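J.: Sequence:
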Amino acid sequence: MLDPVLLRSFTAVARVRSFTRAAALLGLGQSTVSQHVRRLEEAVGRPLLDRDTHSVSLTADGEAMEKFAATILAAGERAMAHFQASRVHGRVRFGVSEDLVMTRLPAILADFRHRHPQVDLELTVGLADDLERRLEAGELDLMVAKRLPGPDDGRSVVRRDRFVWVGAPGFRLGTGDPVPLLGYPPPSLSRSAAIGALEAIGRPWRMACTSGSLSGLRAAALAGLGVIAHAATLVPDGLVEVPARAGLPALGPVEVVLAHGRRRTEQAQALARSIRTGSADLRSDP
Numbered sequence: 001m002l003d004p005v006l007l008r009s010f011t012a013v014a015r016v017r018s019f020t021r022a023a024a025l026l027g028l029g030q031s032t033v034s035q036h037v038r039r040l041e042e043a044v045g046r047p048l049l050d051r052d053t054h055s056v057s058l059t060a061d062g063e064a065m066e067k068f069a070a071t072i073l074a075a076g077e078r079a080m081a082h083f084q085a086s087r088v089h090g091r092v093r094f095g096v097s098e099d100l101v102m103t104r105l106p107a108i109l110a111d112f113r114h115r116h117p118q119v120d121l122e123l124t125v126g127l128a129d130d131l132e133r134r135l136e137a138g139e140l141d142l143m144v145a146k147r148l149p150g151p152d153d154g155r156s157v158v159r160r161d162r163f164v165w166v167g168a169p170g171f172r173l174g175t176g177d178p179v180p181l182l183g184y185p186p187p188s189l190s191r192s193a194a195i196g197a198l199e200a201i202g203r204p205w206r207m208a209c210t211s212g213s214l215s216g217l218r219a220a221a222l223a224g225l226g227v228i229a230h231a232a233t234l235v236p237d238g239l240v241e242v243p244a245r246a247g248l249p250a251l252g253p254v255e256v257v258l259a260h261g262r263r264r265t266e267q268a269q270a271l272a273r274s275i276r277t278g279s280a281d282l283r284s285d286p
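For the sequence shown, UniProt numbering assigns the number 1 to the initial residue and increments by one for each residue that follows.
Worth flagging that the hints you see were computed from the coordinates, not collected in a lab. Among the clues, some could well be false.
[Stated by the list, open to error] Ranges between beta-carbon positions, derived for each pair:
| no. | residue 1 | residue 2 | range |
| --- | --- | --- | --- |
| 1 | 104 | 42 | 36 to 46 angstroms |
| 2 | 178 | 120 | 31 to 41 angstroms |
| 3 | 42 | 219 | 50 to 60 angstroms |
| 4 | 42 | 79 | 20 to 30 angstroms |
| 5 | 133 | 91 | 15 to 25 angstroms |
| 6 | 219 | 52 | 22 to 32 angstroms |
| 7 | 1 | 169 | 46 to 56 angstroms |
| 8 | 216 | 20 | 37 to 47 angstroms |
| 9 | 46 | 107 | 27 to 37 angstroms |
| 10 | 204 | 2 | 18 to 28 angstroms |
| 11 | 139 | 175 | 42 to 52 angstroms |
| 12 | 42 | 185 | 50 to 60 angstroms |
| 13 | 104 | 157 | 11 to 21 angstroms |
| 14 | 269 | 177 | 43 to 53 angstroms |
Quick caveat, the model's predicted, so the values are computed rather than measured. Every residue gets a Cβ at the ideal spot worked out from N, C-alpha and C, and that includes glycine.
Let's have the full structure, built from the sequences with the hints guiding it.
T.: Have a look at this one:
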């Protein structure tokens, strides 16, 4: 049997590609995390990580182990959630980015409510920057939102993604045409990513539609009014990536992170476990 403690350390290193940052995330010493990974490699008889003084990367066996570890740890968390469900109660104030509501997240929340009927779940949907402010102000207990990759701040990355240009099927845009943008009002990560990328290459643009809801942006895109910068795994139904012949610049990576508020309440931690377990479903639901 593979020890979940070893798997948890290995998974943390695989996720952040650093023993130092993995140790900080787990609250362990770096030597302890290194020992855990070494013991796991000894248990399976294969090297799982390639290490040098500057970087850490997964071997082919490491990539396979990352998938096995996710399954094993998720099963353990589901088991713990099952036996803890009867005693978790109270309120959890949960904030989520607008576009993540259009994924399988509602099914994850429905399962959480079924297993924790004594927890009152208050859902807030909004833009990532607004949710961040509310979390820091103590108005939210837990948040799942997008952010640009940056220095590790202890938040749990539940999905890595990238921004892409999307529009209606058949939308035409010449390589020299001004780009009609559809976007959320500022502050918005996707809006900033789109404008920054276009201005970096000197491509003219205009704001064709601003909407605070994804349904509004989707309607504008389906009407052929313009293009949206959007997370690749969360592309709304009916929209497609804009072909490369339009000459639009690359937009770069984005992450979906899970963050706790000022207090890690029991009910917020239970919801966090459910989200991590179902993180593979945080993609567009066809």
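J.: Now tell me if each hint is right for this structure.
T.: Verification of the hints:
1. 104 / 42: 36 to 46 angstroms: holds (37 angstroms)
2. 178 / 120: 31 to 41 angstroms: Roughly 49 angstroms apart at Cβ, these two residues miss the hinted range, so it is violated.
3. 42 / 219: 50 to 60 angstroms: Holds - the Cβ-Cβ distance for residue 42 and residue 219, about 57 angstroms, lies within 50 to 60 angstroms.
4. 42 / 79: 20 to 30 angstroms: holds (26 angstroms)
5. 133 / 91: 15 to 25 angstroms: holds (20 angstroms)
6. 219 / 52: 22 to 32 angstroms: violated (50 angstroms)
7. 1 / 169: 46 to 56 angstroms: Holds - the Cβ-Cβ distance for residue 1 and residue 169, about 50 angstroms, lies within 46 to 56 angstroms.
8. 216 / 20: 37 to 47 angstroms: holds (44 angstroms)
9. 46 / 107: 27 to 37 angstroms: holds (36 angstroms)
10. 204 / 2: 18 to 28 angstroms: violated (56 angstroms)
11. 139 / 175: 42 to 52 angstroms: At roughly 45 angstroms between Cβ atoms, residue 175 and residue 139 fall inside 42 to 52 angstroms, so the hint holds.
12. 42 / 185: 50 to 60 angstroms: With a Cβ separation near 54 angstroms, residue 42 and residue 185 satisfy 50 to 60 angstroms, so the hint holds.
13. 104 / 157: 11 to 21 angstroms: With Cβ atoms ~18 angstroms apart, the hint holds.
14. 269 / 177: 43 to 53 angstroms: At roughly 50 angstroms between Cβ atoms, residue 177 and residue 269 fall inside 43 to 53 angstroms, so the hint holds.
Figure legend: structure checked against the earlier numbered hints; hints not met, in rising order: 2, 6, 10.
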